[in-house]
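Protein chains: 2
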Amino acid sequence: GHELLSEERSKSNIAVDKLSLFMFGKQQIDRKQRILKILQNEKVFDKSQNYFAGRIDRFETALARAKRLRQLQVKHNWTQEDKFTANELISEPGPYGLHESMFLITLRDQGTPEQHEKFLKPAQDYEYIGCYAQTELGHGSNVRGLETTATWNAEDKTFIIHSPSLTASKWWIGSLGRTANHAVVMAQLIINGKPYGPHPFVVQIRDMKTHKPLQNVHIGDIGPKFGYNTMDNGFLLFNKFKVPHISMLARFSSVDPTTSKYLRPASPSLIYGTLTWVRSTIVLQAGGVLARGVTIATRYCAVRRQFQDRDSKDQTGENQVLNYTTVQIRLFTLLATTYALHFTGRGMMQLYEANQKKMSQDAGKASSTQRGAGPEETHSGSDLLADLHATSCGLKSLASSTAVDGLEVCRRACGGHGYSNFSGIGPWYADYLPTATWEGDNYMLTQQVARYLLKSARSVLKGNEPTNDTTYILSNFLKKSDMGAAFDILGKDEDLVAAFAWRSAFLTFEALKHRDEQKKAWNDLLVDFYRLSRAHSQYMVVKNFYEALNAPNVSDDLDTETRSLMHKLFRLYALHTLESEASEFYTSSAVTVRQIMLARTNAVMKLLEEIRPHAIKLVDAWDFPDWQMDSSLGRYDGKVYEDMFHRASELNPLNAITVDPYPNSPTLFKEDDSRQFKSKL
Amino acid sequence: GHELLSEERSKSNIAVDKLSLFMFGKQQIDRKQRILKILQNEKVFDKSQNYFAGRIDRFETALARAKRLRQLQVKHNWTQEDKFTANELISEPGPYGLHESMFLITLRDQGTPEQHEKFLKPAQDYEYIGCYAQTELGHGSNVRGLETTATWNAEDKTFIIHSPSLTASKWWIGSLGRTANHAVVMAQLIINGKPYGPHPFVVQIRDMKTHKPLQNVHIGDIGPKFGYNTMDNGFLLFNKFKVPHISMLARFSSVDPTTSKYLRPASPSLIYGTLTWVRSTIVLQAGGVLARGVTIATRYCAVRRQFQDRDSKDQTGENQVLNYTTVQIRLFTLLATTYALHFTGRGMMQLYEANQKKMSQDAGKASSTQRGAGPEETHSGSDLLADLHATSCGLKSLASSTAVDGLEVCRRACGGHGYSNFSGIGPWYADYLPTATWEGDNYMLTQQVARYLLKSARSVLKGNEPTNDTTYILSNFLKKSDMGAAFDILGKDEDLVAAFAWRSAFLTFEALKHRDEQKKAWNDLLVDFYRLSRAHSQYMVVKNFYEALNAPNVSDDLDTETRSLMHKLFRLYALHTLESEASEFYTSSAVTVRQIMLARTNAVMKLLEEIRPHAIKLVDAWDFPDWQMDSSLGRYDGKVYEDMFHRASELNPLNAITVDPYPNSPTLFKEDDSRQFKSKL
Ligand SMILES: Cc1cc2nc3c(=O)[nH]c(=O)nc-3n(C[C@H](O)[C@H](O)[C@H](O)COP(=O)(O)OP(=O)(O)OC[C@H]3O[C@@H](n4cnc5c(N)ncnc54)[C@H](O)[C@@H]3O)c2cc1C
Ligand SMILES: Cc1cc2nc3c(=O)[nH]c(=O)nc-3n(C[C@H](O)[C@H](O)[C@H](O)COP(=O)(O)OP(=O)(O)OC[C@H]3O[C@@H](n4cnc5c(N)ncnc54)[C@H](O)[C@@H]3O)c2cc1C
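Here the protein sequences line up with chains A and B, keeping their order. Going by my numbering, the first residue of the first sequence is number 2, and it counts up by one from there. Going by my numbering, the first residue of the second sequence is number 2, and it counts up by one from there.
Read the hints as simulated data drawn from the structure, not as lab findings. Mixed in with the good hints there might be a few duds.
To be verified - With a straight-line cut-off of 35 Å between C-alpha atoms, the simulated DSBU-like cross-links for lysine-lysine are:
no., chain 1, residue 1, chain 2, residue 2
1, A, K463, B, K213
2, B, K84, B, K213
3, B, K481, A, K607
4, B, K679, A, K210
5, A, K618, A, K19
These numbers come from a predicted model, not from an experiment.
Same shape as in the complex, but just chain A (with noise of 0.2 Å):
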């Protein structure tokens, strides 16, 4: 089977390379080959029994390869970016994770010069060690309702910082479980008994030297997860545990220690910009996420045969499955995904850049936003972020939801094979899946996008003139809804554009209706909003990818037949998710039921087959060393069943074992000798 890949390499003129250098730039894929032989070197990092540890003894080794990275780092003077790309070669959370993310950045951008000097200093040298405690056990999204109090107390000029129930543990805070011995807790803050909303402390939890939790304390890891096991996602109670003034990180707001008056010397906006940055990365990465499981998924496809295609003249050997329509219609819809949201994610994050140098050439003029306590208005954040932020709302919920559901679809379409973990797709599903439900749920997150929709077409009707891309697209669908629409969406691909634009403002004003004349409770609205944040964001991805195709430097960088396919993968995305949601755009009469028609059973049809030959070249694009993916079937040589073979038998410690099988003998294991397989550290 494996030379099959070879064959397939050959058959397709596509310039692997080129298209590598377009999609990530040289800088990126040498740091990827510097980094990927320093890790290979260091036995710490060998992979092999990942898929056959327990929890307990992945963390171990979780730890281990945390602190070999930290020294790594230290080591060859790694920039952030070196470490990321370390941290996506390793592919496993680890148990500094937290600490290198969310505790830094929020000491960096909330501490005072102060704060910076006590807590930031220490922390980038590894003495302290953090997480961010904001989620409670009974509180996750509704931030607002966090039960954590942090009491001033002015006579000894402290903060206690108490759980008065059992519902206010802290819970699935990463890093904390065993490894933080510090921790910024988001708690209520309480000065002469009126709540102030809650603000982020810095707590020392464990003990420096024994690494106990101090007293009054209580801390744990929460238990097995679906995936990131080797994170240990902890709780964390406190009882009346006092910290000094110093504690409350006090860039925005703060207690004066004398007056115990709460003062706010600075707007928040760039507390909301961070969560901004962290929902673009996420949008940023969902493309090779998905990519991940469409290389494995393709490549094994193209190596596994199965039946003798009868229709066909060729009767010798069996066909290719990555042959059969229904194989094609899965995985090539998700290919041409990838580099949608590839696309997409690099627009998202021009976008945010742009907005940040703009903010800071209006900083201080942005009043300090109110925060309401229902869904409608939760993160809202400052006017001038508003359509950054509603963009990042609905392309990190429709991104993250493609790439989860898009990967479990690559792992069915392997059949048998791909449920083993040795597929490669399963575990990697597993640790990426919570990204659906963190950092904004993606349904409540479509809330957002809608809030803000229907704010920008308020605006639109007054009269009042585009100032961005979705008022311009309201007020041209004002404009021309009287004489309706007519796109041409299987010949240009800018109607294909317009189309998407067409349907998306079509709903923001049947949903403003709804809301506006028809004074519907918000809660009966929330599924047509759901609908809408979609319906909108897949417009966003249309157009990001359509730009990106069109840009000047594209021409230069691609060959002709390279640029003609991705227009295919183009053209393939955005009319597949035309179809698969073609009530909608019949609805708005975007289309008509004939152009449908055609799209599914011609046009489709015929992008597959077209896309067919370079399907293996358009993975490998992507260029995820085997290292990386650590999948049987998605190796870069095809050798699936070797490879799987050699797992089964060589790295399998339940091989060690045997068993007295009869129900009448108390013996289970008569031999034993497993432990052997675990890993040195």
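Position chain B with the ligands against the provided structure of chain A, taking the given hints into account.
Coordinates of chain B with the ligands only, in the frame set by chain A:
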């Protein structure tokens, strides 16, 4: 929060007991209670470490449980149903799994009386412990492509079983990896150099005393999987391994030991009967599989509160998340689906039993069937079985995909806590997942359904009278297609059923046009076939649900209020399915765009509201004991947080470990008392 569940229960008049009785019957409900009591009293079945233990410990525990279960079966003289119920309550695959199913069934169905004596008897006594070894590393779906050979050796009247290549290795074989000492091996029979296709052989593979593999037999466990890790799926290679003449299961075909002639003593239709039975069982179970997830998520979402509802008058406390319509649209549509699948499973089993009766009356008449090599005819079986076969293929595919995907929807509806294994959904999902792949991959099975529908349509076009429901709806469509349809889907339940029938018939004739008139290649139609099969199967579900609710006994068994609620569930399932597949319903002119709009914005939303007060009782009626679900979130008493906390802090071995977190210290674990948590067996 937990008192919310009893409040919920007090708000609905539904008689849960009566509804359970209606669904399961008294016998099954009593059986469950009786067996549950026995299991709960046995220490070995204690589940408290299930979510924590690694693969080897879990396998060891599973083996201990399998043994004890067999002892209990003997002690209490359990019937098959009793044993089956015990397995459902334990809810984990066990090492005797394939012995007790496919091994015994194959010996029984395909063995001669002499072979029953020689193989079946010791197997029933658990001296022989077996497995069913069909799939190979290189071949699963395409059974005719198997590479393992069984060459008849006339000289010493033996068969030589051989694996000619690596890909010939048996793979995925349940109970083989460590447990079985015998296997039914499917191998290509070769007599005098001529191949006769795959046949079953009973082969001893391990020594009865030492339990080590016999010489020239290479066996092992295939390694960790996405789920199913309490089972030892194995691989198996033979090096010219001799077995005696009696090893070939000879009820349907055999080799004459003196003449070396190939004989076919009986028609193999019974074998196809077994496959149909297995698929029917999957359909029967799918509702309950999904209902576990729905029960857990619905209860949790009634306990979970998050945010205040801004539009609501009551501003005390937070809203139960079950009140949000985006939660309802996910959970209540699935709740309706569980009932729809339950009654469809019932219907499927009745069809199977009716057919078995007919078969035994017609026995002998049926001619032996030729199976084609291509996908168009795999597992076609005898004509007699054609309708049953297609129904079981279509419904197996739809029902198991629906259950799998629905479970993940339930898990995600629980927000962050859904990701904890204590939710009980993730591990259950992971174990059930392969059902979408085995017993016919859910994509491939749809070709069988399409083939049958095309055949039926051709017969109807020829003017043949309808002989069953399928040909009836096809000819009804033909008669009326000129004048068109006008179904009152929002007003009349029977019109809803008719609309589903209409769409299925429309798609059938469309597909027929493509195949017979436009002569499209089979492969180019696979995507259409997939849609067709899905459409037809959804029709069957809607029809079965409708008929179950309109059966004569219903008005005796259920009070008016419960009955009306069941009709609402019916409408919710049907209308929600209809709007999710809206474009096929338009295109076939079964409904108008306006009807879909009304279904979506009015009818479905109204049904959610009407079902809301009864949601908890409707999941209660599924009658899952807490012990079975093993879920913190799904507890009957709603003590969600207490249970999460208990498991994390009291049962979690990782918390017996103290780490050294500093990057430059080589120590990883300073203290490790985690082994104390290992289950005592
Ligand atoms: C692996 C993992 C790691 C994590 N790491 C951290 C960490 O390091 N630090 C930290 O602080 N937290 C962490 N979290 C917590 C995470 O941020 C929350 O779980 C997440 O925000 C979801 O919140 P929730 O669990 O409260 O969901 P809930 O809000 O309880 O959601 C439950 C259901 O209710 C619905 N719902 C809730 N409110 C509404 C509404 N207003 N309208 C409509 N529907 C609604 C949701 O859609 C969902 O279906 C982690 C979680 C996971 C799974
Ligand atoms: C947990 C588990 C337990 C199992 N236990 C046993 C056991 O005890 N004994 C045993 O013998 N087997 C067992 N199996 C094997 C199982 O029966 C096969 O894995 C299953 O039949 C799927 O076959 P496959 O893996 O060859 O899939 P493939 O046929 O390789 O499928 C790969 C892909 O190709 C597609 N495809 C293949 N052929 C066609 C076609 N003609 N047209 C269109 N698309 C096509 C499929 O849709 C799929 O997407 C087990 C499997 C699992 C996962």
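Each hint tested on the structure:
For the proposed pair K463 of chain A and K213 of chain B, the alpha carbon gap of about 82 Å is over 35 Å, so the pair is violated. For the suggested pair K84 of chain B and K213 of chain B, the alpha carbons sit about 29 Å apart, so the restraint of at most 35 Å is met. A distance of roughly 34 Å separates the Cα atoms of K481 of chain B and K607 of chain A; the hinted pair therefore holds under the 35 Å criterion. For the proposed pair K679 of chain B and K210 of chain A, the alpha carbon gap of about 29 Å is at most 35 Å, so the pair holds.
For the hint pairing K618 of chain A with K19 of chain A, the CA-to-CA distance comes to about 11 Å; that is within 35 Å, so the pair holds.
Of the hints listed earlier, the one the structure fails to meet is number 1.
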